[in-house]
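Construct the entire structure; sequences and hints are all you get.
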Amino acid sequence: MPKSIPFLLVFALALYSATVRAQSPSSSSDLAPGSAQLLNPDELLKLLQSPAGEKPLLLNAGPSLLYMQAHIPGAEYIGAASDKQGLDKLRARVKSLPHDKLIVLYCGCCPWSHCPNVRPAYNQLNAMGFNHVKVLYIANNFGTDWVDKGYPTIKGQ
Amino acid sequence: MPTRRIVLIIVAIAIAVAVYEGAQHRSAKGTHPGAVDSPAAAFNLQDLDGKPLSLSDYRGKVVLLNFWATWCTPCRGEIPQFIDYQNKYGPQGLQLVGISMDDDAKPVHDFYQQFKMNYPVAIGSAGLAESYGGVLGLPVTFLIGRDGRIAAKYVGAVELPVLQQKIESLLSSAR
Chain C
1 MPKSIPFLLV
11 FALALYSATV
21 RAQSPSSSSD
31 LAPGSAQLLN
41 PDELLKLLQS
51 PAGEKPLLLN
61 AGPSLLYMQA
71 HIPGAEYIGA
81 ASDKQGLDKL
91 RARVKSLPHD
101 KLIVLYCGCC
111 PWSHCPNVRP
121 AYNQLNAMGF
131 NHVKVLYIAN
141 NFGTDWVDKG
151 YPTIKGQ
Chain P
1001 MPTRRIVLII
1011 VAIAIAVAVY
1021 EGAQHRSAKG
1031 THPGAVDSPA
1041 AAFNLQDLDG
1051 KPLSLSDYRG
1061 KVVLLNFWAT
1071 WCTPCRGEIP
1081 QFIDYQNKYG
1091 PQGLQLVGIS
1101 MDDDAKPVHD
1111 FYQQFKMNYP
1121 VAIGSAGLAE
1131 SYGGVLGLPV
1141 TFLIGRDGRI
1151 AAKYVGAVEL
1161 PVLQQKIESL
1171 LSSAR
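Those protein sequence lines, which keep their order, are chains C and P. Note that our numbering has the first sequence beginning at 1, numbered continuously upward. Note that our numbering has the second sequence beginning at 1001, numbered continuously upward.
Don't read these hints as lab results, they were simulated from the structure. Quantities reported herein were computed from a predicted structural model and do not represent experimental measurements. Idealized CB from N, CA, C, for every residue including glycine. Treat the hints with caution; some may be incorrect.
[What the hints assert, rightly or not] Estimated spans, in silico, between C-beta atoms of each pair:
1. C/131 / P/1042: 47 to 57 angstroms
2. C/88 / P/1164: 39 to 49 angstroms
3. C/51 / P/1115: 19 to 29 angstroms
4. P/1169 / C/131: 27 to 37 angstroms
5. C/101 / P/1090: 52 to 62 angstroms
6. C/149 / P/1159: 16 to 26 angstroms
7. C/83 / P/1131: 39 to 49 angstroms
8. C/148 / P/1077: 21 to 31 angstroms
9. P/1161 / C/52: 50 to 60 angstroms
10. C/127 / P/1039: 47 to 57 angstroms
[Said to hold, decoys possible] According to the in silico footprint, chain P covers these stretches of chain C (three or more CB under 8 angstroms from chain P):
11. 33 to 47
12. 105 to 115
Encoded structure:
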């Protein structure tokens, strides 16, 4: 057996691994509570209210009936990212933006670990090459973790 | 006797303060839409089969009003138990009503048939949710007493033994 075969196998494995990483630079596993991609509600509020600094593009990726009752002022409605229509709308909204644009996603439809929307939306933006994406960490739901704290909201589409 | 009089006055003031604060507390609880002790908001909807569905149809019954959605995992987890409650407590006067907060009715129809839901479900609206104090996260479940007032509100997945105990308590209350 040629001595070069083990070397070639290792090389092929390394190449495959690098390719997979390049195709998915970050994944929803990054969204574990406490991870750097998450913003707590008080952090987002400070960011939005601060006169200085880059303002994020704030996108709501949740169900419309919840958004219509109350949402964060300045948020744009994208639609539930758990379905294709929502992801299509998300792609269309960001396709002309620079990849270093600060984008904040949020939903708040249900407890964090059960939210069907924030992870697909986050993964979509990552797959498109956006590298400055944050997700609002809503532990329980938007009512408990934002509205009940007295943080600003508006209603309607 | 002066000392005795002073004690009586202090006791009277304490009672008056307690009564006043109790009234304030009840008022605060019952004032806001969807608050415990407040009247449950009336609604006139259509169920998934197109039949009229009104809260007033169930006057005199205990109503479990559940805001849910097919995409909500904790909501889905509660449905089989709610189906059992309808079977078990329906003859005693419990009526379940589901309000779906899905954006699209199709998955609700599919879910309804797949899970063989045995109580009426209607598609909700932002206005209906607001009349119950806002539904800004799912699930949210209300128990409405025979008197038409909200007896309990549960935000998030409900602890089923607690819910069941409350249902039994309300069912045993006088009409």
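**Request:** Can you let me know if the beta-carbon spacing of residue 88 of chain C and residue 1164 of chain P is within 39 to 49 angstroms?
**Result:** Cβ of residue 88 of chain C to Cβ of residue 1164 of chain P: about 43 angstroms, so the range 39 to 49 angstroms holds.
**Hint check for residue 1042 of chain P and residue 131 of chain C - Cβ pair distance inside 47 to 57 angstroms** = With a Cβ separation near 51 angstroms, residue 131 of chain C and residue 1042 of chain P satisfy 47 to 57 angstroms, so the hint holds.
**16 to 26 angstroms as the expected CB spacing between residue 1159 of chain P and residue 149 of chain C, which holds or is violated** = holds, 24 angstroms
**Item:** residue 1161 of chain P versus residue 52 of chain C beta-carbon gap, inside 50 to 60 angstroms or not
**Value:** holds, 52 angstroms
**Asked** Does the Cβ-Cβ separation between residue 51 of chain C and residue 1115 of chain P fall within 19 to 29 angstroms?
**Response** violated, 52 angstroms
**Request:** May I ask you to test the hint 27 to 37 angstroms on the CB atoms belonging to residue 1169 of chain P and residue 131 of chain C?
**Result:** Since residue 1169 of chain P and residue 131 of chain C have Cβ atoms about 55 angstroms apart, the given range 27 to 37 angstroms is violated.
**Request:** Would you check chain P against the stretch 105 to 115 of chain C, counting CB to CB pairs closer than 8 angstroms, and say if three or more residues qualify?
**Result:** As far as the stretch 105 to 115 of chain C goes, the hint holds, because 5 residues have Cβ atoms under 8 angstroms from chain P.
**Annotated coverage of the stretch 33 to 47 of chain C by chain P, confirmed only when three residues or more have a Cβ within 8 angstroms** = Check failed, 0 qualifying residues.
**Request:** Starting from the range 47 to 57 angstroms, see whether the pair residue 127 of chain C and residue 1039 of chain P falls in it by beta-carbon distance.
**Result:** holds, 50 angstroms
**Prompt:** Between residue 101 of chain C and residue 1090 of chain P, does the beta-carbon spacing fit 52 to 62 angstroms?
**Reply:** holds, 55 angstroms
**Asked** Regarding residue 83 of chain C and residue 1131 of chain P, is the given constraint of 39 to 49 angstroms on their beta-carbon distance met?
**Response** Hint violated: Cβ distance 28 angstroms, outside 39 to 49 angstroms.
**Prompt:** If you check the beta carbons of residue 148 of chain C and residue 1077 of chain P, does the distance land in 21 to 31 angstroms?
**Reply:** holds, 24 angstroms
In this structure, the earlier hints numbered 3, 4, 7, 11 are contradicted, and the remaining ones agree with it.
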